[in-house]
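From first to last, the protein sequence lines are chains A and B. Mapping the first sequence onto full-length UniProt numbering, position 542 (from 1) lands on 542, and the numbers just tick up by one. Mapping the second sequence onto full-length UniProt numbering, position 122 (from 1) lands on 122, and the numbers just tick up by one.
Just so you know, the hints here were simulated from the structure itself, not pulled from any lab data. Worth double-checking, as some hints may not be accurate.
Said to hold, decoys possible - FRET-style restraints, in silico, Cβ to Cβ:
#	chain 1	residue 1	chain 2	residue 2	range
1	A	Glu-290	B	Pro-39	27 to 33 Å
2	B	Ala-130	A	Ala-139	43 to 49 Å
3	B	Ala-130	A	Asp-308	55 to 61 Å
4	B	Pro-39	A	Glu-70	42 to 48 Å
5	A	Arg-475	B	Thr-151	55 to 61 Å
6	A	Arg-165	B	Thr-151	19 to 25 Å
7	B	Thr-151	A	Asp-280	31 to 37 Å
8	B	Arg-159	A	Gly-288	25 to 31 Å
9	B	Arg-159	A	Asp-98	31 to 37 Å
10	B	Thr-151	A	Lys-45	29 to 35 Å
11	B	Pro-39	A	Lys-45	45 to 51 Å
12	A	Thr-174	B	Pro-39	25 to 31 Å
13	B	Pro-39	A	Asp-98	32 to 38 Å
Bear in mind that the values here come from a model prediction, so they are computed numbers and not experimental data. For every residue, glycine included, the Cβ atom is placed at its ideal position computed from N, Cα and C.
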Amino acid sequence: MSADNESRAERIRRLLDTEGPTVKQNAQGFNEGRYAAMADVDGEKLRSEARRIKEDAIERLPELIETARESVEENGGSVYLADDAADANDYLAEVCADADSVVKSKSMTTEELDVNEGLEAAGVDVTETDLGEFVLQVADEAPSHLIAPGFHKSTDEIAELFNARFDPAEPLETPEQLTTFARDHLGDRIRSADVGMTGANFVLAESGTLALVTNEGNARKCAVTPDTHVAVAGVEKLIPSVDELGPMVELLARSATGQEISQYLSLLTPPTDSPTIDFDSTEPIGGGAEDREFHLVLVDNGRFEMRDDEGLRETLYCVRCGACSNSCANFQHVGGHAFGGETYTGGIATGWEAGVEGTDSAAEFNDLCTGCSRCVNACPVKIDIPWINTVVRDRINRGAEPDAVDSLVDGLVPDDEEPGMDLGKRAFGNVGTLAKLGSATAPVSNWLADSAPVRGLLERGLGVDARRGLPEFQRETLQKWDRKRDAAVREPHDDRAVVLFPDVFTNYVDPERGKAAVRVLEALGVPVRVAGVVGSGRAPFSQGMIATAREQAEAVDDALSPHLDAGRDAVFVEPSDLAMVRSEYEKLLPANRAETLAGGSYEVLEYVYGLLENGVDPEPLPRGDGERLTYHAHCQQRTLGLDAHTEAVLGRLGYDVATTEAECCGMAGSFGYKADYYDLSVAVGESLADEVRESDGPEDRRVVASGTSCEEQLTDLLDRSATHPIELLDPER
Amino acid sequence: MSQPPVSTFTDALDGLGVGWRNTTTADFPAALADAIEAPAVGTALPFEGVSLDGADVTVPPTPAELREATTGVTPVFGGIAQYGSVVVESRPEGDELVALYPERHVAVLRESDLVGGVDDAIEDRRARIAAGRDSAVLATGVSATADMGATVEGVHGPREVHVIVLRDR
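Use the sequences and the hints to build the structure in full.
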């Protein structure tokens with residue numbers, strides 16, 4: 001946990017320098033593995049099945065607990081349902097009362113409960129046998145990742161740690177030497193242990209079977225070597241039977257490490273028939289299975305409350321694969337010691353920490369989720385992780401308990417955010433209003449904003465980092481320009497017509513890309529008018545101001561619906577605003593309204609792609625003539641699967657297009673402006689900038705990016721300006 | 001479920017770096033002799049026409065023999081062709097221990113126990129769970145870790161795996 005005297009910005013800076021490089025290498029390695037492994041299966045089908053199985057299991061949880069109790073007891077084991085950590089630890093101390101030593105395989109749930117501390121206080125020697133957990137036990141550190149707890153440590157650091165602690169005859173150096181040493185050391189512990197403790201990836205209620213997914217073989221040894229096996233699992237690990245296991249097995253290893261299947265999938269129905277073994281005995285093995293003892297400890301510790309909490313319930317579907325961490329650009333750069341709470345790490349940790357520890361623990365790291373949504377398609381059970389982060393952020397803003405949030409979700413008056421809310425967040429959330437004012441008073445507002453005293457005030461008062469350039473507001477907004485111009489379509493090619501959505505940035509800061517969009521569409525024969533509303537509510541939504549975002553969503557619905565009813569298509573220049581309409585409005589508006597809006601809305605290059613595919617002649621658009629581009633698609637646009645359309649259109653117009661792989665640019669709307677996160681934002685952006693530089697070759701490529709934030713970040717870091725792809729298509733270019 | 005070709009399984013084993021040999025009950029003793037590195041321990045094979053009797057394999061071993069063995073020979077009750085997995089059951093004879101402790105596991109598989117994919121293997125498990133053979137490990141390749149900064153094979157479980165496929169069973 002952080003030292004109190006270390007500021008958040010200092011802590012992030014330190015982790016970027018120390019653990020960052022190892023974390024990045026490992027997280028990106030897992031992430032690439034996941035992409036490759038998921039490409040071999042029908043991921044959408046498996047994920048839908050897995051989601052349905054978990055939804056059903058959590059719905060039927062009380063019944064499954066009773067079924068599991070009956071089956072485990074019938075098998076000859078015992079089941080204890082622990083209300084909370086203290087209750088679980090008391091029970092475990094009782095089970096281990098006659099034990100001198102316990103060996104454990106990896107279990108995040110026992111981390112959550114502080115089982116090791118509890119047993120050690122009761123005089124029991126506890127040894128972690130997963131090599132990563134063992135490293136952390138020796139180092140006395142907390143896990144930095146759900147499945148690879150020690151992946152912030154390099155080989156050299158582990159060697160230094162082991163050499164200092166164990167003083168081996170020959171100093172340890174290589175991964176092979178460290179592994180051999182740990183195996184031998186832990187092997188002794190396992191052979192002499194009195195109790196073996198495991199977690200469970202799944203508990204099959206009908207037969208009382210545990211599914212354990214491992215690679216090292218330590219869970220197998222812990223379960224079979226001591227006579228007594230104790231399994232500790234959150235109640236959410238229950239699924240009805242072996243029938244539901246298939247999709248989980250297919251998805252878990254692929255999502256976690258990029259393996260098709262883990263080395264070992266143990267399906268144990270303890271007490272098992274394996275003979276007991278006493279390494280001091282000289283008798284051949286065989287028999288003794290009747291002496292085996294099994295205890296299943298099912299843990300509530302806040303989970304039943306989470307089940308009743310609409311905002312957190314989905315968290316219980318989590319299978320703890322860590323894909324949300326690995327796919328997260330922020331996590332890739334700092335790891336779980338910044339992006340995590342008391343126990344859990346990564347995007348889903350906000351849900352777990354809010355549920356089992358409380359909102360305060362989640363508040364420590366919740367802002368590291370920028371809502372980029374790259375984890376959404378990564379999650380094998382389709383948890384809307386950014387939404388959980390948004391809901392919890394809203395609660396933090398309000399300093400309220402879930403009850404208060406329920407009334408919020410039912411619709412408090414917008415702009416009625418709690419008085420104590422962070423001022424910076426409030427300012428970023430209301431950026432539409434500020435931009436309108438800035439535009440109306442431009443250029444004076446720009447001179448003022450850029451002056452040293454004002455920048456100082458912005459940094460101290462609102463947390464806006466003085467190193468970031470501020471957007472320059474334009475006096476003539478896109479809407480004003482549209483009102484003054486004459487429509488340019490002479491021969492509509494068919495009955496299509498477009499209403500262009502002015503997002504805050506396009507309207508007030510960069511109307512040129514809006515004008516380009518209008519000219520491109522009209523050149524292709526589609527009449528365009530600009531909508532009379534500005535902003536989708538993305539800004540307040542990203543700050544956790546759900547009520548304010550809902551008010552904006554309603555305003556957008558009011559403004560766009562007449563156009564959609566009149567048969568016009570809504571077209572968006574800014575992907576984050578389109579993603580708001582397509583993905584987030586379903587949480588803010590009545591289902592039929594959200595569905596209509598989502599169905600009638602398009603990203604501008606997606607729309608152009610559709611026109612060209614339907615036979616519209618691209619003749620009026622300028623050609624690329626082989627010009628070399630590097631294209632960075634917006635994170636939320638990629639989640640919606642809309643990056644390919646831009647690539648296809650640019651390719652068709654004759655550009656030589658290279659694309660980036662980075663999950664996110666690190667700017668993420670307001671995130672990169674915040675003084676606490678500036679260094680992280682730049683580190684993430686530098687990873688992207690490096691990719692661009694690598695693709696350059698002897699001459700720099702032109703940089704094209706679909707998102708406002710991405711354009712700003714790339715322009716800042718590359719010293720060449722990034723443009724929106726629609727501007728390349730502009731007939732007036 | 002239809003029987004997958006044995007080549008799908010052995011291709012998967014190749015991908016995992018797992019050794020294998022197709023044989024028949026008649027040629028099993030020779031295949032076994034080639035597969036084991038002494039000292040070897042094992043558990044009785046319940047497959048008709050094959051046995052560990054006469055081989056240089058201690059059945060059943062004492063705990064000390066188990067600890068010191070280089071090779072552990074066990075029957076396996078299923079194989080997943082797609083992934084090259086084998087199913088080690090927790091039999092009273094001690095398959096789980098013998099397949100786990102020595103650094104080399106030699107798995108004896110009847111070809112008729114091969115299934116195509118994970119779903120088939122789980123279907124198979126369901127039937128066996130109902131029959132009381134309710135604990136098993138689906139083992140794919142050798143034990144491994146990346147926790148020391150690079151992938152290392154042979155951690156708590158075996159460092160080498162070799163599968164003998166009985167084509168006539």
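Given a hinted range of 25 to 31 Å, is it respected by the beta-carbon distance of Arg-159/B and Gly-288/A?
28 Å, holds
Is the hinted range of 45 to 51 Å satisfied by the C-beta distance from Pro-39/B to Lys-45/A?
At 49 Å between Cβs, range holds.
Honestly, do Thr-151/B and Lys-45/A meet the 29 to 35 Å range at C-beta?
30 Å, holds
Note whether the CB distance of Ala-130/B and Asp-308/A lies within 55 to 61 Å or breaks it.
Given a distance of about 35 Å, which is not inside 55 to 61 Å, the answer is violated.
For Glu-290/A and Pro-39/B, compare the CB-CB distance with the range 27 to 33 Å and indicate the outcome.
30 Å, holds
Whether the CB-CB distance between Pro-39/B and Asp-98/A falls inside 32 to 38 Å:
35 Å, holds
Do Ala-130/B and Ala-139/A keep their Cβ atoms within the hinted range of 43 to 49 Å?
Check passed, 46 Å falls within 43 to 49 Å.
Does the beta carbon distance between Arg-159/B and Asp-98/A stay inside 31 to 37 Å, or does it fall outside?
With a Cβ separation near 35 Å, Arg-159/B and Asp-98/A satisfy 31 to 37 Å, so the hint holds.
Verdict for Arg-165/A, Thr-151/B (Cβ pair) under range 19 to 25 Å:
24 Å, holds
Outcome of range test on Cβ distance (Thr-174/A, Pro-39/B; 25 to 31 Å)
28 Å, holds
Mind checking the hinted window 42 to 48 Å against the Cβ distance between Pro-39/B and Glu-70/A?
45 Å, holds
Evaluate the given range 55 to 61 Å for the C-beta pair formed by Arg-475/A and Thr-151/B.
60 Å, holds
Checked against the numbered hints given earlier, the structure breaks only hint 3 and satisfies all the rest.
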